[in-house]
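Visitor: Based on the sequences and whatever the hints tell you, model everything.
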Amino acid sequence: MLIAINPSDPRPIYRQIMDEIRRSLVVGTLVPDDPLPSVRQLAGELRINPNTVQQAYRELEREGVVHVKRGLGTFVSSVLSQRSEREELARSVATRALREAHRHGLSVDELVEAVRTAARDERRRHGETDE
Amino acid sequence: MIEELFQRFEDRPVAARTRGLCKRFGTQTALDGLEMTVPEGAVYVLVGPNGAGKTTTLRALLDLTVMDDGTAEVFGLPCVERGADVRARIGFVPDSQDFPYGGLSVDALLAHHATYYPAWDESYAGELGRQMAIDGRQRYGGLSKGEARRVQLVMALAHRPPLLLMDEPTDGLDPLAQDRFQALLADHLADTPTTVLISTHRVHEIEGLGDCLGVLRDGRLVAQLERQRLERLVRVRAEVPEGWAGGALLPLPVIRRGGRGREIAWTVWGESAAASAAFADAGATVRQVERLTLEESTRALLAMPEAS
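Those protein sequences? They're chains A and B, same order as listed. This note's numbering numbers the first residue of the first sequence as 1 and each following residue consecutively. This note's numbering numbers the first residue of the second sequence as 1 and each following residue consecutively.
To be clear, the hints were calculated from the coordinates, so they are not data collected in a lab. Check before you lean on any hint, since a few could be wrong.
Simulated restraints on C-beta separations [stated by the list, open to error]:
#, chain 1, residue 1, chain 2, residue 2, range
1, B, D107, A, N6, 36 to 42 Å
2, B, A245, A, L98, 26 to 32 Å
3, B, Y117, A, S77, 41 to 47 Å
4, B, Q138, A, S77, 51 to 57 Å
5, A, A97, B, R24, 51 to 57 Å
6, B, A274, A, R103, 17 to 23 Å
7, A, L98, B, D95, 43 to 49 Å
8, A, E63, B, A183, 25 to 31 Å
9, A, L2, B, A303, 33 to 39 Å
10, A, E45, B, P49, 31 to 37 Å
11, B, A111, A, P7, 35 to 41 Å
12, B, D135, A, E45, 22 to 28 Å
13, A, G105, B, D69, 54 to 60 Å
By construction, the Cβ of each residue, glycine as well, lies at the ideal position given by its N, Cα and C atoms.
Guide: What follows is the structure, given as structure tokens:
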């Protein structure tokens, strides 16, 4: 798993960490019972305040995505609804796209239509057949 | 001044505090009644233009400069009366590199420095030296600014002080050393409970670490607040009709006006939703409401008109 954050992203850093961990779960680079990096490790790696990492882990724990084993660290929960993680992540991506569309004066329908068109073009570019 | 821009942190334990601190150098006023509170455990970023009084503030906490009026305290100890006890609790990275021991090798300088601090951690000092790529055999006086900076960081951190004061700590560091400094400070904070007061012009370098901001202008703080509280400092991008006058009627404090013609980008103080609604009520078509980075917040607060 690889956690990337961007200071100029409109999401607070702890939110970005939460979304990155969700992303890892959805793409499968993080699976149930896996340990998360320690607070120290991630704070040092990302050059951020350890409290920010702690906040992200605490929120994820509250949502039942991870749990803390005392003295051992933070682990991905054994029973995870992949579906809800996917939905949560999709909503986060969609919200960002919607805000960006609104900034450009585009409506929801225009955005959705453009996403379908762009997806079709992408598939063609990669030589796949349209369904 | 907008009252909400100034948190007093009365509900939190305090690491450092100044009350009514005044300092004049001849006809120049460096500090003009400074009221600053650094909560325990904070990474407090102190910003301000050159000559705003940042260095004088740090020196007051260390009792290195005699103040004309006011008081300073560190962990409840008065800095003037208990100077030695206060300094023992502080790791200091000064803005200058002139030490009276320029002729010593770096190793000898560190050994000398260690004798003043009972809590000096020899193995940690060695570890920091390796991470900062310090060559201990070199003569301290012959080091470049950046190299001296790294030695000063080791001296400030290796006794794991409860309070770290850093005056432009990344000044002179090359990009790689700069990056190492950030990683090292993040590691240090994870291992050792430390309050940090860091004066800097390069806020982006401390973007992820800073959780408190103090904005110093003309010897006074015009803002002092937690990073989280800064989420209420938002930039609204909107389209406005020709000759729009609705801005004067906004029920929110305006920190900074920007944009051109029919497109505006204003920084205001308020919740995102409230800000958005206020601009819509004033006849603007809101396109985006975004939070600011620490660096952008700093710039907005520094440029804030005195009257607001």
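Visitor: All hints, please: hold or fail.
Guide: Hint-by-hint comparison with the structure:
1. Checked against the hint of 36 to 42 Å, the pair D107/B and N6/A passes, with Cβ atoms roughly 41 Å apart.
2. In this structure, A245/B and L98/A meet the distance hint of 26 to 32 Å, their C-beta atoms being roughly 31 Å apart.
3. Look at Y117/B against S77/A: about 45 Å separates their beta carbons, and that is inside 41 to 47 Å.
4. For the pair Q138/B and S77/A, the supplied restraint of 51 to 57 Å holds, since their beta-carbon distance comes to about 52 Å.
5. For the hinted restraint 51 to 57 Å between A97/A and R24/B, the CB-CB distance of approximately 56 Å keeps it satisfied.
6. In this structure the supplied range 17 to 23 Å holds for A274/B paired with R103/A, their Cβ-Cβ distance being about 19 Å.
7. Roughly 47 Å separates the CB atoms of L98/A and D95/B, a value that falls within the hinted 43 to 49 Å.
8. Taking the beta carbon of each, E63/A and A183/B are about 29 Å apart, inside 25 to 31 Å as hinted.
9. Separated by about 37 Å at the C-beta atoms, L2/A and A303/B satisfy the suggested range of 33 to 39 Å.
10. The supplied range of 31 to 37 Å is met by E45/A and P49/B, whose beta-carbon atoms lie about 34 Å from each other.
11. Checked against the hint of 35 to 41 Å, the pair A111/B and P7/A passes, with Cβ atoms roughly 39 Å apart.
12. Checking the proposed 22 to 28 Å range against D135/B and E45/A shows it holds: the Cβ atoms sit about 27 Å from each other.
13. Remark: the range hint 54 to 60 Å for G105/A to D69/B is upheld by a beta-carbon distance near 56 Å.
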